[in-house]
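Asker: Got chain A; can you put chain B on it based on the hints?
These are the residues of each chain, in order.
2 protein chains.
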Amino acid sequence: MNYSSKLLENAVNELARLPGIGRKTALRLALHLIRQDAQHVESFSQAILVMRNDIKRCKICHNISDNDICDICSNHKRDHAIACVVQDIRDVMAIENTGQYNGVYHVLGGIISPMDGIGPEDLAIDSLILKAAEGQIKEIIFALPTTIEGDTTNYYLSKRLAELPVLLSTIARGIAIGDDIEFADEITLGRSIVNRIPFISK
Amino acid sequence: MNYSSKLLENAVNELARLPGIGRKTALRLALHLIRQDAQHVESFSQAILVMRNDIKRCKICHNISDNDICDICSNHKRDHAIACVVQDIRDVMAIENTGQYNGVYHVLGGIISPMDGIGPEDLAIDSLILKAAEGQIKEIIFALPTTIEGDTTNYYLSKRLAELPVLLSTIARGIAIGDDIEFADEITLGRSIVNRIPFISK
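Residue numbers (my numbering), protein chains in the order written: chain A, 78 to 279; chain B, 78 to 279.
Just chain A, same shape as in the assembly (with noise of 0.2 Å):
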């Protein structure tokens, strides 16, 4: 490809190095960006590089924040003894907007992956067990995905706790609401009928 100039080329090659954005859209990308005003593009540059610089990671939870102890971990009206163990960022937000959980997060940065060459140690494991082995937290809910790294890093966590003075729980799985069951498939549908929920008559 002859891009007529270097500076649209570095730029083009630079946005696609972004996951998902091949070489036809990073052109795209890059000529809306020389079409917006100069201060437009400055901001957008700017918001990047200091988020990059400037992001921390929660001492306590991991989770990305503005501070050392991230809004949740130093919310009092939280409750600290239950903790939620997620992938990432991602599932803390999805989760704070159900606005049905009241407990803290250990979000672990990933998921054992050895296809991805994520082994226990790349992830924030040990700062979990500290915490169950101090007494900190009384139960910890998992809500990894349902993959076989998932599923891998569900069991090394809950060998790695299974001596500890901690209860452990798994998030619900089964139909989700609105679904129809005849579209269900199988495990899903075996699942929630084999966890099924006693009726509480009013």
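Treat the hints as calculated values from the structure; they're not laboratory data.
Some hints here could point you the wrong way.
Which copy? The list can't say, so a pair holds if one copy fits it or any two copies do.
Claimed, not checked - With a cut-off of at most 30 Å between alpha-carbon atoms, the simulated DSS-like pairs for lysine-lysine come out as follows:
| hint | residue 1 | residue 2 |
| --- | --- | --- |
| 1 | Lys83 | Lys154 |
| 2 | Lys208 | Lys83 |
| 3 | Lys133 | Lys83 |
| 4 | Lys215 | Lys154 |
| 5 | Lys208 | Lys154 |
| 6 | Lys101 | Lys136 |
| 7 | Lys136 | Lys83 |
| 8 | Lys133 | Lys101 |
| 9 | Lys133 | Lys215 |
| 10 | Lys133 | Lys154 |
The structure displayed is predicted, hence computed values, not measured ones.
Answerer: Only chain B this time, still in chain A's reference frame:
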């Protein structure tokens, strides 16, 4: 959405302003950038900023360029008497990639589109008329999209160029090489029959 970090939220907002990038994709891109080394993010953000601030438009053909006159317009081996009128740099790149064209270009910077508020005065049209009026070009090849906007632009340009001593032509439309005739749309197939080309026997 609660992003747990203002810095992250700002970067997501900026990324989500790019065309075709929604908030979920913007969050994925931001989290990806957080995981990269500082140096990589620095060069990413610099490449975009420098491109926006330093890029020029060729004074002759209006294509994006690092210099006042682009490489194509300053190339003496090219035929400066033939100008191909295109919408933007992507069309220049596509035609250059064929290796079949030795003339120069004239980049309009868009097409006439009243729906988007783009009129003839927003495009590099006057300079094209001037080139033709001054006798700098002998032939103008139209390579604009076959949409209502493209046809409107073709019509407007041909009207303004009608009295000038310049030959007007348009790129050939027809069945793409390798495409099945039975699946071609009627308009394309009709045009390719009307505009049939004499068979040259060896």
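Asker: State for each hint whether it applies.
Answerer: Cross-check of the supplied hints:
{"no.": "1", "hint": "Lys83 <-> Lys154", "result": "between (55 Å within a copy, 22 Å between copies)"}
{"no.": "2", "hint": "Lys208 <-> Lys83", "result": "between (52 Å within a copy, 28 Å between copies)"}
{"no.": "3", "hint": "Lys133 <-> Lys83", "result": "between (35 Å within a copy, 11 Å between copies)"}
{"no.": "4", "hint": "Lys215 <-> Lys154", "result": "within (17 Å within a copy, 79 Å between copies)"}
{"no.": "5", "hint": "Lys208 <-> Lys154", "result": "within (19 Å within a copy, 73 Å between copies)"}
{"no.": "6", "hint": "Lys101 <-> Lys136", "result": "between (40 Å within a copy, 26 Å between copies)"}
{"no.": "7", "hint": "Lys136 <-> Lys83", "result": "between (43 Å within a copy, 18 Å between copies)"}
{"no.": "8", "hint": "Lys133 <-> Lys101", "result": "between (34 Å within a copy, 21 Å between copies)"}
{"no.": "9", "hint": "Lys133 <-> Lys215", "result": "within (27 Å within a copy, 63 Å between copies)"}
{"no.": "10", "hint": "Lys133 <-> Lys154", "result": "within (23 Å within a copy, 56 Å between copies)"}
Checked against the numbered hints above, the structure breaks none of them.
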